[in-house]
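In order, the protein sequence lines correspond to chains A and B. For the record, in the first sequence the residue sitting at position 123 is 257 according to our numbering, with numbers rising by one throughout. For the record, in the second sequence the residue sitting at position 204 is 338 according to our numbering, with numbers rising by one throughout.
Treat the hints with care, as some may be off.
[Said to hold, decoys possible] Think about it this way: if two alpha-carbon atoms lie no more than 20 Å apart in a straight line, the pair counts; the simulated EDC-like pairs of lysine to aspartate or glutamate are:
| # | chain 1 | residue 1 | chain 2 | residue 2 |
| --- | --- | --- | --- | --- |
| 1 | A | K464 | A | E489 |
| 2 | A | K380 | B | D428 |
| 3 | A | K457 | A | D428 |
| 4 | B | K156 | A | D384 |
| 5 | A | K156 | B | E369 |
| 6 | B | K374 | A | D428 |
| 7 | A | K504 | A | D200 |
Simulated from the structure, these hints should not be mistaken for lab results. Every value quoted in this text rests on a predicted model; they were computed, and no experiment measured them.
Protein chains: 2
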Amino acid sequence: MSQYVETQYYTFAHPPHELVLKSGIKLGPVTLAYETYGKLNAAKSNAILIFHALTGDAHAAGFHQDAKDPGWWDPMIGSGKAFDTDKYFVICANVLGGCKGSTGPSSLNPAMGKPWALSFPVVTIEDMVVAQKYLIDHLGIKKLLSASGGSMGGLLALEWAVRFPDTLQSAILIATNYKHTAQQIALHEVARQAIMSDPNWNKGDYYGKALPAQGMAVSRMMGHITYMSERSMEEKFGRKLKGKEKLGYDFSHDFEVESYLKYRGKSFVQRFDANSYLYLSKALDYFDLSQEGDLATVFKGVETKFLVVTFTSDWLYPSYQSKHIVKAMKANEIDVSFIEIDTTYGHDSFLVEIEGQSKLVSHFLNNIAKQCHCEER
Amino acid sequence: MSQYVETQYYTFAHPPHELVLKSGIKLGPVTLAYETYGKLNAAKSNAILIFHALTGDAHAAGFHQDAKDPGWWDPMIGSGKAFDTDKYFVICANVLGGCKGSTGPSSLNPAMGKPWALSFPVVTIEDMVVAQKYLIDHLGIKKLLSASGGSMGGLLALEWAVRFPDTLQSAILIATNYKHTAQQIALHEVARQAIMSDPNWNKGDYYGKALPAQGMAVSRMMGHITYMSERSMEEKFGRKLKGKEKLGYDFSHDFEVESYLKYRGKSFVQRFDANSYLYLSKALDYFDLSQEGDLATVFKGVETKFLVVTFTSDWLYPSYQSKHIVKAMKANEIDVSFIEIDTTYGHDSFLVEIEGQSKLVSHFLNNIAKQCHCEER
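Please take these sequences and the hints and turn them into a complete structure.
Here you go:
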């Protein structure tokens with residue numbers, strides 16, 4: 135992409151785009167921030183929806199004006215890339231509950247004239263998907279060529295396939311799960327407690343005041359450990375010292391890995407809203423596609439074709455979890471390919487292991503597009 | 135053991151028991167709290183030293199008067215148990231830097247008339263071992279039949295074997311390592327940051343004031359996740375709800391695993407000193423038996439016999455780390471047995487997997503005692 139990309143906004147409040155949350159609460163007006171890359175063809179049949187992960191945003195590819203860094207999945211989206219914008223019209227929206235332009239706890243509550251904070255209603259993965267369905271309606275797209283996401287994004291793609299099966303030709307699920315395990319819930323709960331323990335968090339009422347920077351930093355430090363693998367941490371840092379020749383035995387910072395995590399923790403508070411982190415992580419923990427029942431029954435009647443990708447070193451969303459999904463799909467004779475890519479990057483692989491994913495994704499999309507002649511302009 | 139056990143104390147300050155720390159700082163008087171179980175034989179040849187883990191203490195076995203729970207390794211130590219007090223004289227001391235009776239940051243600094251807090255000097259695993267060597271001297275024991283410990287305790291046993299090889303017949307290293315990896319350092323650093331982020335921590339000066347309870351709780355919650363395995367968390371908690379029939383979608387506590395961790399976090403602050411946690415975790419991170427060099431050279435001349443035990447589900451101290459130790463020992467033709475026990479309990483296995491460990495330990499100790507006729511009274 136040679137041109138700058140700009141974030142767009144869609145705001146909805148009334149039927150048929152009135153949002154009734156899973157909890158029964160009506161929420162509106164709701165704004166979704168989104169970006170698009172490539173061109174929608176005349177038949178509107180070449181659209182691919184990308185879902186971001188927990189702390190991602192609508193800016194998946196290209197550059198904003200004056201920005202130094204491109205979008206979060208830029209190596210995967212663009213001319214000649216896996217999600218090839220010469221062929222496909224790629225859409226990415228910030229999720230409901232987020233803090234990057236879409237309605238969330240940091241948005242202005244019009245009735246109160248101040249940010250929602252904890253008065254924002256609980257939102258679920260299902261609610262996020264419904265909101266994005268309204269966006270796709272608004273863009274005039276009846277059927278998506280594909281939907282794809284890693285981590286939390288994978289859950290959204292999975293929910294979409296089950297909730298709106300007739301609107302989805304195919305889906306690519308990367309490093310994801312269909313319900314959080316006790317360990318995944320536990321890791322989130324520690325992160326939430328770290329944030330809520332910070333006196334500046336102030337029961338969510340910190341807008342315009344000091345931010346809960348310490349709590350956010352601790353939660354992010356822990357997050358980073360879970361996103362990497364033991365081996366990738368060892369290869370990147372090992373016991374390398376930071377700014378000193380030898381161990382001080384003086385109780386100061388010693389190791390590079392310590393200062394790296396602290397840096398990442400500190401910068402997190404600048405780029406993400408603490409309350410959004412609480413809401414989105416809770417939505418992830420709530421999600422259970424199987425509804426505590428048999429996962430196979432959930433996929434009955436689904437004709438979407440799936441590509442399911444995992445990474446050997448991902449201990450946060452280990453491969454066996456995706457295998458459960460694949461097994462349940464196969465029980466319904468769904469066309470699904472499962473690939474486990476051998477990497478050392480841990481859960482972060484979906485962001486950084488580009489070569490293997492690109493081959494799989496472009497091959498998969500080529501086949502899907504051929505079958506439905508969907509890439510024709 | 136039918137009788138109550140009592141903690142004893144040894145205080146030293148002068149040569150030959152003057153403690154010069156690795157940093158060069160002289161520290162004294164130093165007190166070590168310790169307990170003993172069984173009887174020292176006339177030849178003083180049946181003594182076994184047990185080292186506790188990060189938040190353990192000298193109370194390894196038996197009951198204190200009026201106590202509901204026994205010592206932390208009671209299923210392993212006692213009459214007819216793995217460390218059989220009918221045969222052996224078992225000693226366990228709280229480490230230097232701890233908070234359970236041994237000198238540490240919460241102890242009174244006699245020169246200042248108030249607790250040391252952060253003015254306490256940095257202590258290392260090596261310093262802890264030297265202090266316990268003084269205790270063993272004091273007890274008149276020239277050679278230990280064995281030394282054993284899990285996790286941090288394993289590091290102490292390993293350091294003893296290398297530092298005082300002629301004083302150690304055998305050693306049992308359980309779920310341990312010879313230097314912390316980047317991931318192990320990182321997990322500790324998050325725990326430290328959680329504590330130090332708590333305003334009540336107050337740069338370590340909280341004695342007699344409000345405790346850094348929130349920071350301690352977060353650090354302990356995270357610790358617990360690392361002590362269990364993904365599978366043991368799933369088997370114990372799964373997605374079971376706490377005190378409700380179904381998910382509230384109301385942003386309250388929902389899952390059992392959340393309230394369990396919170397409970398464990400809250401109770402931690404009552405039983406452990408925050409500054410001790412900082413000092414001991416830092417000592418663990420500093421420790422590197424290989425001194426950044428070849429581990430095999432460290433074991434030259436060591437004639438101690440070793441039993442090295444790991445657990446399949448332990449992801450905090452994975453088996454491959456112990457295998458490096460075993461390999462370096464074998465390169466020196468040291469008599470070492472390595473056993474990986476198949477468990478689901480994660481790192482906690484060394485505390486809860488009793489049957490397998492008991493068989494290995496009692497068999498190993500029997501052989502050692504036979505070889506040196508050390509169990510004779």
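Hint-by-hint comparison with the structure:
1. K464/A / E489/A: Roughly 27 Å between the alpha carbons, so the hint for K464/A and E489/A is violated.
2. K380/A / D428/B: Within the cut-off at roughly 17 Å; holds.
3. K457/A / D428/A: holds, 15 Å
4. K156/B / D384/A: holds, 11 Å
5. K156/A / E369/B: violated, 29 Å
6. K374/B / D428/A: holds, 16 Å
7. K504/A / D200/A: violated, 38 Å
Of the numbered hints listed earlier, those contradicted by the structure are 1, 5 and 7.
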